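**Q** For the protein sequence lines, the chains are L and U, in the order given.
Heads up: the first sequence is residues 1 to 112, going by this note's numbering.
Heads up: the second sequence is residues 113 to 225, going by this note's numbering.
Accuracy of the hints is not assured; some may be wrong.
Computed, partial: chain L to chain U, Cβ under 7 Å [to be verified]:
#, residue
1, 41
2, 42
3, 45
4, 48
5, 56
6, 65
7, 98
Derived Cβ-Cβ restraints for the label pairs, each shown as a range [said to hold, decoys possible]:
#, chain 1, residue 1, chain 2, residue 2, range
8, L, 112, U, 164, 47 to 55 Å
9, U, 163, L, 57, 19 to 27 Å
10, U, 142, L, 53, 18 to 26 Å
Derived from the structure by calculation, the hints contain no laboratory data.
None of these values were measured; they are calculated from a predicted model.
Glycine included, each C-beta is placed from N, C-alpha and C at the ideal position.
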Amino acid sequence: DTGVSQDPRHKITKRGQNVTFRCDPISEHNRLYWYRQTLGQGPEFLTYFQNEAQLEKSRLLSDRFSAERPKGSFSTLEIQRTEQGDSAMYLCASSLENYGYTFGSGTRLTVV
Amino acid sequence: AQSVSQHNHHVILSEAASLELGCNYSYGGTVNLFWYVQYPGQHLQLLLKYFSGDPLVKGIKGFEAEFIKSKFSFNLRKPSVQWSDTAEYFCAVSYTGGFKTIFGAGTRLFVKA
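So here's chain L without its partners, still in its complex pose (with noise of 0.2 Å):
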């Protein structure tokens, strides 16, 4: 068990431009989400998979994101025209069923 892996640890892009993010859940692991933090406030749902299958997708996100997990190993988080607004900590995490989450370290996502 090497635990959640995310990459980058940090990412700094200008506006307008396209960011992916990568995550390698636990292996075993069924169950993989994707969550935004920003300071102050806890982690927000963004979408989460179960195996290949994305199953819920949060209403607050925008057609600019776009997540995806080829044949339910490890993810993808797509912003595209990045906002300012983007700017926050998105992690990843991934269980087996509904019994607590491992956490990833998450990628720090600068928009400037």
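Model the placement of chain U on the given structure of chain L, informed by the hints.
**A** Just chain U now, with coordinates in the frame of chain L:
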């Protein structure tokens, strides 16, 4: 909308003091309840969880939490805090039949040595 409310944003205690962090969730049916902790410079990690059975749940590092269904509460307690308990604590809830876990805004605990 389903939500989680944590009563205090910041708590400062001296070592050996007792701790109780409040957490309330909105009604939505059968729930699973969690407390997560984030130590400085580290990622979020699970502290304890409640699914069913004994409403008093014991977690790691001497923490415990009590589920009071009638009050929609899941308060976190520790009889005697240590400097190393300085961290941010998040209460979270998932509802049976749902997929996601909803987090509170967190409580920053600072323990003075």
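**Q** Please go over all the hints and tell whether each is borne out by the structure.
**A** Against the structure, the hints come out as follows:
no.: 1; hint: 41; verdict: holds, 6 Å
no.: 2; hint: 42; verdict: holds, 3 Å
no.: 3; hint: 45; verdict: holds, 4 Å
no.: 4; hint: 48; verdict: holds, 5 Å
no.: 5; hint: 56; verdict: holds, 5 Å
no.: 6; hint: 65; verdict: violated, 15 Å
no.: 7; hint: 98; verdict: holds, 6 Å
no.: 8; hint: L/112 x U/164: 47 to 55 Å; verdict: holds, 48 Å
no.: 9; hint: U/163 x L/57: 19 to 27 Å; verdict: holds, 26 Å
no.: 10; hint: U/142 x L/53: 18 to 26 Å; verdict: holds, 24 Å
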